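Visitor: With chain A's structure known, arrange chain B on it following the hints.
Chains as they are written, first to last, in the numbering used here: chain A, 1464 to 1861; chain B, 1464 to 1861.
These are calculated hints, taken from the structure and not from any lab test. Treat the hints with care, since some could be wrong.
Unchecked claim - In silico lysine to any residue, SDA-like type, Cα no more than 25 Å apart, as pairs: (1) A:1673 to B:1665; (2) A:1480 to B:1812; (3) B:1480 to A:1855; (4) A:1521 to A:1760; (5) A:1796 to A:1853; (6) B:1673 to A:1704; (7) B:1596 to A:1498; (8) A:1481 to B:1597; (9) A:1521 to B:1551; (10) B:1521 to A:1553; (11) A:1480 to B:1756; (12) B:1507 to A:1624; (13) B:1521 to B:1488; (14) B:1637 to B:1673; (15) B:1481 to A:1758; (16) B:1673 to A:1702.
Said to hold, decoys possible - Computed footprint of chain A on chain B, listed as stretches where at least three residues anywhere in the stretch have a Cβ under 8 Å from a Cβ of chain A: (17) 1685-1699; (18) 1718-1724.
Computed from a predicted structure; not experimentally measured. C-beta: ideal position from N, C-alpha, C; glycine also.
2 protein chains.
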Amino acid sequence: MGVTATYLFPSHPDQEKKAEQYALGLTVGSWTDIPHLERQQLQKNKGEVVSVEKGEEKDTVKIHYPSANFSADLPAILTTVYGKLSFFEGHELVDLTFDAELLRQFPGPRFGVKGVREKLNLYDRPLLMAIFKGVIGRDLSFFSSQLEDLLAGGIDLIKDDEILFENELTPFEKRITTAREIINRHYEHTGQRALYAVNLSGRSNELQEKAERAQELGANALLFNVHAYGLDTLQTLRENDNISLPIMAHSALSGVLAGQPGGGYSYSLLVGKLTRLTGGDFSLFPSPYGNVAIPSSDALAIGQALTEENRFEQTFSVPSAGIHPGMVPQLLKDFGSESLVINAGGGVFGHPDGPISGAQAFRAAIDASVNNVSLTEAAKTSEPLKRAIDQWGIVTTS
Amino acid sequence: MGVTATYLFPSHPDQEKKAEQYALGLTVGSWTDIPHLERQQLQKNKGEVVSVEKGEEKDTVKIHYPSANFSADLPAILTTVYGKLSFFEGHELVDLTFDAELLRQFPGPRFGVKGVREKLNLYDRPLLMAIFKGVIGRDLSFFSSQLEDLLAGGIDLIKDDEILFENELTPFEKRITTAREIINRHYEHTGQRALYAVNLSGRSNELQEKAERAQELGANALLFNVHAYGLDTLQTLRENDNISLPIMAHSALSGVLAGQPGGGYSYSLLVGKLTRLTGGDFSLFPSPYGNVAIPSSDALAIGQALTEENRFEQTFSVPSAGIHPGMVPQLLKDFGSESLVINAGGGVFGHPDGPISGAQAFRAAIDASVNNVSLTEAAKTSEPLKRAIDQWGIVTTS
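Just chain A, same shape as in the assembly:
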């Protein structure tokens, strides 16, 4: 019982010996100078090198750490497997494999892909999300007007900008009640549901109560800058049964943790597997083809980790930043329709005919793509899509 960490270490002729030292140093300390009787006692605490696979520049090293050594929480697990090794240059933590008993300690998403789709009553296409733009310094009428446009254009999900915090012009509680009213009205008129993810922010010790209050006020989703607080705080929000709201885990600041060349966590572990295990219903990350980009292999590996078969609900992939309608076929190809959210900011608001047309262009691109119709073909019957493609073009990376 325990966790197996997969690392990339810089190539070394004595990698097996180094790995063995780490496996001991991070568990029972030493081994050779311990008397036989004590060794028997310590056997259940001893770290073990599972495998060492030599590579060109890096070797892949797997070390197993017994559960006896740590409590079943990520702060303890991460400190054990990477607290010290994080200081060694070029020592990357690329994966963690939890034994079944340990895995059961994690909640996974409360709703996940299945539950969110039920909330929206929407099963046959990727979801379309938009981000409020330029709300900092503006008042609630600005916020309301954006929301109305986005809904009119056919958006399913709307989120706060992750850098919108508590402020006098658009306070947290007012954003919730204002959005609730507009979304309810839209539903009464059109029968179309939508979720608005309000940015849950502030001091760590206020988050639970603030989220409970959001729920009372009629919020229907939360945005959370998980890496500004730590994954364990996401897990605590997920496990709080007074907060029954889908959580969008935003990857802000994760570039420090996972985006450093040759060091740190892998994106698939941090923004993929661990975000899903601790309860993110959505995981937002930079797409491989926008203005804030991460390598394509990383983005695809995140998508894989969020959806691969395991005991947890699936988490939506939300590749973000610089998304425009011309990217939709590629997004579907890379992330699949079922668990994909197409997340637009400038791609909606920067449309030459405004945000309603911007949203419509995305919807047209989505409808075409799920039906295997090319965007060029679809643009013939959708003026908003035609105008979007004239502006941004069509992206294909493969």
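Guide: What follows is chain B alone, placed relative to chain A:
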């Protein structure tokens, strides 16, 4: 009012323009296409480029972010200044300068150097700390025996290994009560005080209560893996008036955040300034000359940030890992006597004559160094020191 972030960005011919785009993009969004009247409204929210200084490989860029845009907490501030920029390769966050009003929102250490020295009634030399070794898998008698030896050798501070978590053999509460009893007995016999920092660990939402319980049980210090939880959680512990205990902030996992070549936070910001602002009485970090090492300039900059004149108490520098008595003069030279803790693990337990002699060797090295006596000279009258120097030598890096 606000915060000024100092970055190192990869050199760029249009750095001013890039910086201006960031300053706008991370605050009001855009500027040139906003009508004059609205610009006046948004002026108080607009980020400003303070300076751009060209360098060889990196340019130093300072951007000011107004307080109007974020709540006065580190998660909001860090997300604002670095949430998105962390994804851009080679974009380092090296410093944050808070305006006076914002600075007042932070508590700083509850005790700091002054308060901890009062607790120990010890003013004229660096403090000596030891780390329990190999406690994982051992029982309380092993723990007690190590503690007794360390006290007998003249140690002032004792801390848990940061990878010792809640476990059946040496449970949190038992470690506290056992240590309290031994430390009290030692005080009654010798008049010498000591602090034991128990590792405060577990789920985020249990930490406050667990720390309060520790205090009730007679704990006299806490060890905290701050980067496994986030700096804001350290601040919350510090601000809880039911927890009036010195906090040792351990830098485990900070190698991911600050140790990546050419990216991430600077150590002086993360493990220095922000650890002090949020309330660390001690900051533990890899020394520049041990087996887990960070660059000397980083270690010295941490020490500087922990002690420089400002409105907060000073934080002890605890350069760690691979420390032996032969390093003591260099440690004093690099970090000064007043705010230095000499932190030994293997350097005490690996002494050829055992841990009591190991501790005595350190004390002799400390006494010599504060009196400007060379270790070679001091070893003539201290057998433990002589034996330590025979084993490890004397380190001088400058």
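Visitor: Hint by hint, say whether it matches the structure.
Guide: Going through the hints against the structure:
Among the hinted pairs, residue 1673 (chain A) with residue 1665 (chain B) is consistent with the structure: their alpha-carbon atoms are about 22 Å apart, no more than 25 Å. Distance restraint check for residue 1480 (chain A) and residue 1812 (chain B): the Cα-Cα separation of roughly 23 Å lies within the 25 Å cut-off, and the hinted pair is therefore satisfied. Between residue 1480 (chain B) and residue 1855 (chain A) the CA atoms are separated by roughly 23 Å; this keeps the pair inside 25 Å, and the hint holds. Between residue 1521 (chain A) and residue 1760 (chain A), the direct Cα distance comes to roughly 18 Å. Compliance with the 25 Å bound is thereby established for this hinted pair.
For the hint linking residue 1796 (chain A) to residue 1853 (chain A), the alpha-carbon distance of about 22 Å falls within 25 Å, and the restraint holds. With a C-alpha separation of about 22 Å, the suggested pair residue 1673 (chain B) and residue 1704 (chain A) falls inside the 25 Å cut-off, and the hint holds. With a C-alpha separation of about 16 Å, the suggested pair residue 1596 (chain B) and residue 1498 (chain A) falls inside the 25 Å cut-off, and the hint holds. At most 25 Å may separate the alpha-carbon atoms for a hinted pair to count; residue 1481 (chain A) and residue 1597 (chain B) meet this at roughly 19 Å.
Our distance criterion of 25 Å between C-alpha atoms is met by residue 1521 (chain A) and residue 1551 (chain B), whose separation comes to about 24 Å. Restraint check for residue 1521 (chain B) and residue 1553 (chain A): the C-alpha separation of about 22 Å stays at or below 25 Å, so the hint holds. About 20 Å separates the Cα atoms of residue 1480 (chain A) and residue 1756 (chain B), which keeps this hinted pair within 25 Å; it holds. Taken as a hint, the residue 1507 (chain B) and residue 1624 (chain A) pair is honoured in the structure, with Cα atoms around 19 Å apart against an allowance of 25 Å.
Between residue 1521 (chain B) and residue 1488 (chain B), the direct Cα distance comes to roughly 21 Å. Compliance with the 25 Å bound is thereby established for this hinted pair. Between residue 1637 (chain B) and residue 1673 (chain B) the alpha-carbon distance is near 13 Å, which keeps this suggested pair within the 25 Å criterion. Restraint check for residue 1481 (chain B) and residue 1758 (chain A): the C-alpha separation of about 22 Å stays at or below 25 Å, so the hint holds. For the suggested pair residue 1673 (chain B) and residue 1702 (chain A), the alpha carbons sit about 19 Å apart, so the restraint of at most 25 Å is met.
Check on the stretch 1685-1699 of chain B: 8 of its residues sit with their Cβ under 8 Å from a Cβ of chain A, so the three-residue criterion for coverage holds. Against chain A, the stretch 1718-1724 of chain B contributes 6 residues with a C-beta closer than 8 Å to a partner C-beta. That satisfies the three-residue criterion, and the hint holds.
Hint compliance for this structure: every hint is met.
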